[in-house]
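**Q** Heads up: the protein sequence lines correspond to chains A, B and C, in order. The first sequence: position 11 = 11 (full-length UniProt numbering), numbered continuously. The second sequence: position 104 = 104 (full-length UniProt numbering), numbered continuously. The third sequence: position 340 = 340 (full-length UniProt numbering), numbered continuously.
Hints listed in this document are in silico derivations from the structure and should not be mistaken for laboratory results. As the structure is a prediction and not an experimental result, all values here were calculated from the model. Glycine residues also receive a C-beta, built at the ideal position from the N, C-alpha and C atoms. Treat each hint with caution, since some may be false.
[Claimed, not checked] Partial list, derived from the structure: chain A residues whose beta carbon lies under 7 Å from chain C:
1) M165
2) Q168
3) P171
[Unchecked claim] If the Cβ cut is set under 7 Å, some of the chain A residues that face chain B in the computed set are:
4) R4
5) F163
6) P194
7) P198
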Amino acid sequence: MSDRSGQARSLVVLSPLRSGVTAAGESFAYSARRLLQGLPQGTGSPFASVPDTYMARWYLLDDVRYQGGAREDHLNNRYLALLVQHYGPTDRWLDNLWQYAQSTLQALYTHAWGFDQVRSAEGWRHYIERCRVPTGYFFNGSNDEPLMTQLKALYLRQQFTAFVMQHQGLPDTQLQAAFVAWAAEHQPDNLTAPTWQPGADTLHEATAVQADHAPTAQPAGGRTDDGD
Amino acid sequence: MSNIAGKAYAMNVVTPLKPGQRWLARLIHWLAGTRLLRSKLLGLRTLSLIHYAGWAILPRRRWPRLDSAQPSENLHYDYYLFFSNFNGSWEQYVDSFSSAIPAGLDLMWWRNVGYPGSVPRNPFHAYIEHNQFWTHHYYSAYPLATSNDVKAACRLRPALCELASRADRLSAQEFGQRYRTLLTEQQEHLGLVAESPVVSLAHQAVVERRRVEQTEPAVPPAQESGS
Amino acid sequence: MTVIDLHDVQGNLVKPYGRYGYPLARYGFLRIRSGDAARHWLQAVLPHVTTGAPWPDRRAQQYGAAPPLPEATLNLAFSAAGLKAIGVPEKSLDALPEEFRLGMRGRCDLLGDDGPSAPEHWDPIWQGPAVHVWVSINARSEAALQRQTAWLQDSLEATDGGVELLTGHRGPGDDCWQEAGALTEQGRVVPREHFGFVDGISDPYFEGCGQPPEHVIGEGKPQRGGNPRDASGWAPLATGEFVLGYPDEADEYPLSALPQILTRNGTFLVYRKLHQNVASWRRYMSEMGRNFPGGADALAASMAGRWPNGAPLSECPDQASADAFMAELERLREARRLATEPAEKARLDKAYACQQQRLKAFNYADDLAGGRCPVGAHIRRTNPRGALEYGQEGAFRTPAALTDRRRLLRRGLPYGSSPPETTDADEHGIILMVLNASIKRQFEFVQQKWINYGNDFRLGNERDPLVGNQPLDDAEVPGQPGGHYKIPGGAQPPWFCARLPRFVETRGGDYFFLPSLSALHMLAAGNVDPT
Ligand code: HEM
Chain A
1 MSDRSGQARS
11 LVVLSPLRSG
21 VTAAGESFAY
31 SARRLLQGLP
41 QGTGSPFASV
51 PDTYMARWYL
61 LDDVRYQGGA
71 REDHLNNRYL
81 ALLVQHYGPT
91 DRWLDNLWQY
101 AQSTLQALYT
111 HAWGFDQVRS
121 AEGWRHYIER
131 CRVPTGYFFN
141 GSNDEPLMTQ
151 LKALYLRQQF
161 TAFVMQHQGL
171 PDTQLQAAFV
181 AWAAEHQPDN
191 LTAPTWQPGA
201 DTLHEATAVQ
211 ADHAPTAQPA
221 GGRTDDGD
Chain B
1 MSNIAGKAYA
11 MNVVTPLKPG
21 QRWLARLIHW
31 LAGTRLLRSK
41 LLGLRTLSLI
51 HYAGWAILPR
61 RRWPRLDSAQ
71 PSENLHYDYY
81 LFFSNFNGSW
91 EQYVDSFSSA
101 IPAGLDLMWW
111 RNVGYPGSVP
121 RNPFHAYIEH
131 NQFWTHHYYS
141 AYPLATSNDV
151 KAACRLRPAL
161 CELASRADRL
171 SAQEFGQRYR
181 TLLTEQQEHL
191 GLVAESPVVS
201 LAHQAVVERR
211 RVEQTEPAVP
221 PAQESGS
Chain C
1 MTVIDLHDVQ
11 GNLVKPYGRY
21 GYPLARYGFL
31 RIRSGDAARH
41 WLQAVLPHVT
51 TGAPWPDRRA
61 QQYGAAPPLP
71 EATLNLAFSA
81 AGLKAIGVPE
91 KSLDALPEEF
101 RLGMRGRCDL
111 LGDDGPSAPE
121 HWDPIWQGPA
131 VHVWVSINAR
141 SEAALQRQTA
151 WLQDSLEATD
161 GGVELLTGHR
171 GPGDDCWQEA
181 GALTEQGRVV
191 PREHFGFVDG
201 ISDPYFEGCG
211 QPPEHVIGEG
221 KPQRGGNPRD
231 ASGWAPLATG
241 EFVLGYPDEA
251 DEYPLSALPQ
261 ILTRNGTFLV
271 YRKLHQNVAS
281 WRRYMSEMGR
291 NFPGGADALA
301 ASMAGRWPNG
311 APLSECPDQA
321 SADAFMAELE
331 RLREARRLAT
341 EPAEKARLDK
351 AYACQQQRLK
361 AFNYADDLAG
371 GRCPVGAHIR
381 RTNPRGALEY
391 GQEGAFRTPA
401 ALTDRRRLLR
411 RGLPYGSSPP
421 ETTDADEHGI
431 ILMVLNASIK
441 RQFEFVQQKW
451 INYGNDFRLG
461 NERDPLVGNQ
471 PLDDAEVPGQ
481 PGGHYKIPGG
491 AQPPWFCARL
501 PRFVETRGGD
511 YFFLPSLSAL
521 HMLAAGNVDP
531 T
């Protein structure tokens, strides 16, 4: 049994959705799906503000599929599946999710059984524990550095490769001066800034937001989506 | 609904395990993490298309039940939950498995009801397609990067930090030498990324949807009933 | 061992005509206005379609021991719309792959045909409704070309407008043919393309293809533990990768239509007109080549993976060794020609064949970092051989498991001319024709993932330096071309080419089905019955 591969962790959660209909007269599965569909993507995703989230997803498991020529299985519940691959202890990650994405969680998980008691990060963790499915084998094909290290590394590789191209063939003195200036600007040791914005899917977006967000870069103070 | 976040694709496959095979499957999962089977998974690593992937087993009587009012499940089979975050198109991923590492794949899956084996390719394609579940919300911290990019970048950074920490204290000549040594040693890790090229018509639809989202105000979450 | 009925497959499937002494070509496209007329026409021309039947040795003909080779060839292929127009029932068409039905224009985003390569800039012939039939003529002489063309045009005229030869290739005159032909230097045919490289060297070797067995070396698929320099390192590819109706590399039959005989012994043909910005290429090579160690030709070689003279970078690290390699080939060719004594001649034939095969007999397994042949070079991208196992011996089922299903048969010839004073605007380039069992899995994959992207080679978004669709704008300096290319330095720092422009642009094309002779016969008879 392994939910971890080095410092990378896997979280698999299946939350059974309530039977019956919402106040609006929709099935809970339909309503949850609609909610998921409406979530902003990329930098706007609720996961983007949760520190150390490598990748995460929600999907609806509405039934299992019949294989033909075998015994026929069907589910009596619909399940909201949450799958996350992140860095560091899962409890810490769950606390952060609660802190930074509480309103989304509340909107979504009111569709699920057993969530109505959840009032706090602790209650949330406890709830997740009840729905969690252990990962049998977790394959890490990438690496298990903290997310901020990965993002900074990606930022640096991009900047440095461009530097190498621009300064190819320069005499050593000029090269040195240019590199010193480059290092001062891009600060290889500083994980906070300048770096890539988590969730950005264009180069422009990855770096452009820096000016506005640099002071609140995570994890020191990730954004919460409350009150947005 | 989207299985795509930039260069990453989210795959979910849920399949029934043959009766009585759960323990063997568990054993194999455990062994996969040890030296014994790690060489079998060398292929998976060499494919280097995957950020993170995993298998979970859900015994038929242990589906989460949180309330006495919640209907209980009444299933014949235990279930296998597979997830993956990979780079490239669905076809490339599924084909790579089938042509490059059929044995490793069969090792993980052959206890599944109806599993046709990873070769020939077409029945295998059909099997995955049949049992795949679409993702509704998918997030990647670096849609611009593949697993290869992340790995290369993380190898490069320490060398850059090292050179940057002393660059202004070296003589020009010494600096030049170290700079060139860095380039030589790190050359395979240098490179530029950009937005993912269109890899499938589905991908194209996602790109189009993002464009529309960006030009029109984002749809707010349907109802923030909590607030 | 698979045996193909070579009399039933069309000749271009197994013979790159250019290399068989047919340096001139014409490609035309037809629209079918009347199914009846088209079937009549097909019936009339069918006996003249060139098959894959083995051609006798040239020498045998000289002595009158064999029938003469045709003076000109004829081959035909149909687009999805063309099959429909000639009367193939909907049910048979349904079984054909999606990409074929969509056609090249419908797939342009996947192919990276944007900016100047976008379909709105394609030749006029691609601006109307889909073309129906691809017609190709290859000829040994100008006179034969004219005769074959005149005969074919007469046959079309006889349809009274039922089958129309379309115009719009941006050519001179009445413009109903895309002219193509081997380039010449001082009146002598040379196997080069406009950037100056010898082309048409490497072509996949598959079971039943009818080529001499030693061609498996470097053109088949790499084998574990074998020596890439001899036959122990290679095996023939499965027939089904190139011809429908035979098992492929995944141990199954490739797609087939209903009835199966419609597709058996046929294959899919990609026709793609690629314009070459020859002036830009020359300018870039001479400017960048000034600083590049080894100069402009070495730079060009680093981009192609072969020296302009054809010698592989994998075997020949510098100009001198490349020259020596090709001089030896030339010497053996000459000696072989002059030899009279049979034993001596046999020995020289063998030596020549061996040296010829050395042009292809390499694997990148011993050059993973690309210190000799850059990882991103054109021939390494389009056929990575065993390189994608990254030296992890045994990681994959076979060393080239990720490559064996992406191989392409290339046919086609250059068009136009490129004198020293040429400009980018001049009409010149390559008519690329690719034959494969699955356009999506083979041609489109190579174009998308290997030519216009670099992740499989761990090169980020880097593209093929020769033919990739380089970004039109540099991220840092808009208005400047934005391509880049890394040339690994081995024990030295790598060399980077920045501001790489697009050297190649798409001018049009489409996807076709190349039927067997039996299938052509069925089409002509109008008796394709799927039920
Ligand atoms: C104007 C455009 C192009 C030019 C000038 C060009 C040039 C060349 C040259 C000089 C070679 C080496 C000679 C040989 O091995 O036969 C070559 C090989 C090759 N090219 Fe291209 N090419 C072009 C477009 C393409 C495209 C679009 C594709 C694929 C979609 C392609 C696929 C190949 C393949 C598969 C090989 C053989 C590689 C091997 O087996 O080692 N080429 N090309």
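**Q** Restraint: F163 (chain A) near chain B, CB-CB cut 7 Å. Satisfied or not?
**A** 10 Å, violated
**Q** Against chain B, is R4 (chain A) within 7 Å by beta-carbon distance?
**A** Hint violated; R4 (chain A) Cβ to chain B Cβ min 10 Å, cut 7 Å.
**Q** Tell me if P194 (chain A) is really an interface residue toward chain B, meaning its C-beta lies closer than 7 Å to one of theirs.
**A** 14 Å, violated
**Q** The hint names Q168 (chain A) as touching chain C; please verify it with the least Cβ-Cβ distance against 7 Å.
**A** The hint holds - Q168 (chain A) has a Cβ within 7 Å of chain C, the shortest such distance being about 6 Å.
**Q** Quick check on the hint: P171 (chain A) CB to chain C CB, less than 7 Å?
**A** 14 Å, violated
**Q** Given P198 (chain A) as an interface hint, is its Cβ closer than 7 Å to any Cβ of chain B?
**A** Holds - the Cβ of P198 (chain A) comes within 7 Å of chain B, reaching about 4 Å at its closest.
**Q** So, as I understand it, the hint says M165 (chain A) touches chain C; can you test that by seeing if any CB pair is closer than 7 Å?
**A** 4 Å, holds
Hints 3, 4, 5, 6, counting from the list given before, are not met by this structure.
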